[in-house]
Amino acid sequence: MFSSRKYSLLLCAGVMVAAGTIAPAAEPGYYGYGDKATPAQIAGWDIDVRGDDGAGLPPGKGTVHRGSEVYAEQCAVCHGTFGEGESRFPKLVGGQGTLGDDRPELTVGSYWPFAPTLWDYINRAMPMAAPHTLSADDVYALTAYILNLNDIVPNEFVADRDSLPKVKMPNRDSFIWTDPRPDTMARPCMSACADPADIKITSTAEGKDLTPRTTGPLDTMQPK
Amino acid sequence: MRPDLWRSMPVVSKLAGTRNPLARRSFLRLGAALTGSLALGARPGNAETPQASPPSDAPWSQSIGAGVVDRPYGRPADAEAGVIRRNVPWLTAGTESSVSFSPLQDLHGIITPNGLFFERHHAGRPNVDPDRHRLMIHGLVERPLVLTMKDIVRFPSVSRIHFIECPANGGMEWRAAQMNSLQFNHGMISCAEWTGVRLSTLLEEVGVKKEAQWGMVEGADGAHMNRSLPLNKCLDDCLVVYAQNGEALRPEQGYPLRLLVPGWEGNVSIKWLRRIKLGDRPWYSREETSKYTDLMPDGTSRGFTWLIDAKSVITFPCPEKPLDRPGLYEIRGLAWSGNGKVRRVDVSADGGVNWQSARLHEPVLSKALTRFTLPWRWDGQPALLESRAIDETGYVQPTITQLRASRGSNSVYHNNSIQTWQVKPDGSVFHVQLS
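Just so you know, the protein sequences line up as chains A and B, in that order. If you're matching positions, the first sequence starts at 1 in the numbering used here and goes up one per residue. If you're matching positions, the second sequence starts at 1001 in the numbering used here and goes up one per residue.
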């Protein structure tokens, strides 16, 4: 299975090279549509921060203390006063050491591999009702506060473009970034593939009161 | 024009004179009865319902119908009002960062109607003004560009049929059978004909610098949703699309512009696409570190698991569409693979002991839904129906037991296991998992 995947990747590369020789790629600007992006336009939208080294982090800084103030105002209503999560909104704190457990708890502290990613996400997507409205300083402060809630940085930590990339997240080294699939060895047996006596129903959805109705108006079933 | 203005036309009003008002009222009652019976599962045969089957002539055969442009856009028949996307209210904190499921049990082809295409939003559905929407392409490129929608539509266009599947489709079933429903177990897949411009065309136009290895794609929604993609995938088969099944994208699918990454998990097909930046390394955004990564039993995680492996499901019968009585049926289903075409689908009625290959229906397209059918005479005995897809790479769809053996039950995403439907002697159908 591995070899067939590799083969198809090679084949893909081959086809691309071949296409390149038959129909050479158009020169840049061949169509001439659109306008050149100005430095000011790029600066306004170029918000991404790279997770593993913090490339793209802007000037500014924030303390844990300032972060606690911004958090109380902007975040606590959904994420809970101490990051415990209200309703079904994400919990931000806890769970360290549980990733191999039967019921792991995935939070910023237990799961996220890179601290600059936290800055990037708060900056681009939070607070949910008014995303990308916080100042860089406030985003730094919130990042510092959430890391501090997780005991990853001390109370006196100041988050900025130099300090954040140096924070080592507890789960940093637990990711593999290449896909090991296919990781199952199913074979297409056609007959007498198992002993019928071994076929047992191990679980059924029957009788579990989890499924919303699939006819009539939308179901409004409440959280279990 | 008022809808009933035509009645004042001399000929029509004369025609409508005596018979039509009564027929019209009857028709309305019938409509209500039909809708009610479908919605509430009540038995038909209301005493007031006029006879419509032979030998009687139906009321709609003895009246004049609504004229053209009565519904200028058009909509499904009233009796189909229950065929809608549905959500699981208890699953998420709100509906803005949530998902809805396509009603696969009521669909009949490989194309998902635009109003029924499943939804996954990370910050709700934005209302984007197409005149003010812009796509910026920059980073490691020779000539960074800002494109309007008019600019984008002017580029050479292509149309392709591809599915999009959320990798969390079936994610609630890793530990045990939970949702007794085709819609809620498999409805985070849909398939459409997409029209737009090849991403490679746009990247050639800006000129890719030789150091570039990755692209970062970003949406204009409140989440500024972003993902990293290897440049070779961007240049291979990705599309920047503005149309879906022949009309402009629906807002729920990214109007006016989205990325389409064929065969890969749906969240990389960024909706409301506003920016593409090329770089030399991936970005490790929140959506590719804290989410859309797969936690293994030993506590390690897999990232960048983009591929949708081969998968299939029987869409009839299913919990929503049980069997009436013993007799001959056509088992129907859908199969797909992110790795190319579906080569074969096998069907078992005994929980995987014996299999028979189903008929694949044309068109069998790469990275698209493929229909399969198999005639089946149900003898009224208990049955365990399963389907198993094999794609053109030779990959065989696994059982949930095989997946658990490899990945445990906490990896949330990429559950492409064989679905088992338990058929009971009364014809009812339940979602079960087998040993």
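Quick caveat, the hints were computed from the structure, so don't treat them as lab data. Any given hint could turn out to be false.
Label pairs and their calculated CB-CB ranges [said to hold, decoys possible]:
#1 B:ARG1175 <-> A:PRO59: 40 to 50 Å
#2 B:ASP1129 <-> A:THR178: 37 to 47 Å
#3 A:ILE201 <-> B:LYS1150: 41 to 51 Å
#4 B:THR1049 <-> A:THR220: 45 to 55 Å
#5 A:ASP101 <-> B:GLY1124: 42 to 52 Å
#6 A:THR38 <-> B:ALA1405: 20 to 30 Å
#7 B:GLY1124 <-> A:GLU27: 38 to 48 Å
All residues carry an ideal CB built from backbone N, CA and C; glycine is no exception.
message: Are any of the numbered hints broken by this structure? If so, which, sorted upward?
response: Of the numbered hints given earlier, those the structure breaks are 3, 4, 5, 6, listed in rising order.
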